Amino acid sequence: MISALLLPSFGSLAALPPWRPFIDPIALPGGTWWLTLIPLALLISVVYKAVRVSDMKRYVPNVLLMTAQIIVAMALLAVGAHVLIIWIVPALGG
Amino acid sequence: MPESHPDEQLEPFAAALAFVIPGLGHLALGKPRRAIFIFVGVLGLFFGGVFIGGIDAVDRKEDFWWFVGQAGVGPTAFIVDRVHQSWFKVQDPNAPGGVRTPDPDENPRFIRSLGHPNEIGALYATVAGMLNLICVLDCLWHTPRRRPEQHDQRRTTDAQTTESPA
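If you're matching them up, the sequences are chains C and B in order.
Following the working numbering, the numbering of the first sequence begins with 182 at its first residue and continues without gaps.
Following the working numbering, the numbering of the second sequence begins with 60 at its first residue and continues without gaps.
Please keep in mind that the hints were generated in silico from the structure rather than gathered at the bench.
For clarity, every value in this text was computed on a predicted model and none was experimentally measured.
No false leads were mixed into what you were given.
If you want a taste of the chain B side facing chain C, the calculated C-beta under 10 Å gives, among others:
| # | residue |
| --- | --- |
| 1 | 85 |
| 2 | 94 |
| 3 | 96 |
| 4 | 101 |
| 5 | 112 |
| 6 | 115 |
| 7 | 172 |
| 8 | 173 |
| 9 | 178 |
| 10 | 180 |
| 11 | 196 |
Think of the CB as a built atom: it goes at the ideal place given N, C-alpha and C, for glycine as much as any other residue.
Can you make the complete structure from the sequences, with help from the hints?
What follows is the structure in structure tokens.
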């Protein structure tokens, strides 16, 4: 009764089953999806450097360096795309 | 001309093991630390993708080209897809492939992955598959890595060999 009053237009949401990990998608809070780049970059570096590094004593610094390189490169690409789309393309269009 | 590696060995058995379970090929080649990192990294990415995008991130029938990349993880990807197709889809003769994702009011209850979670989940799982293919190739054309001191010793020997005829 109370939920029907509180959620008059979202009545079906109350009937949704509870979230099941690995079956249902997670609800990424708005604007935070790009944070998933960090574990992605870290895990890519973990696997790639496990194959490439000749001396495993230098493994961890190599992984951290590659992770930082990926994140910085992606940030620079984002800045470049922003400048191109928001500033340069409208300027070219007159 | 490509550089030749005289130490390079063809290891098809290790490559097959690397495809069956990520990291198993390097374990068979006597590299347990590398094997652990590969296992954790590849399966961490794959199941990280399934965690973010739900099981809908792995879908051979509706997202075929994503699955081509994800298949590099090996049987794990095919098992997850099989579970997805048989437990979380409904039979529909009109749908392509004979099955489709259930509507919200149908059984089994299933929340379809859409937008960023779906894209990111599929990306994680696909990157996992592509990285595991690199590991499989590394096992297949395996070059035994020397320790740095052995490498320096080899360099010195090579330099002496080059200098001696002169």
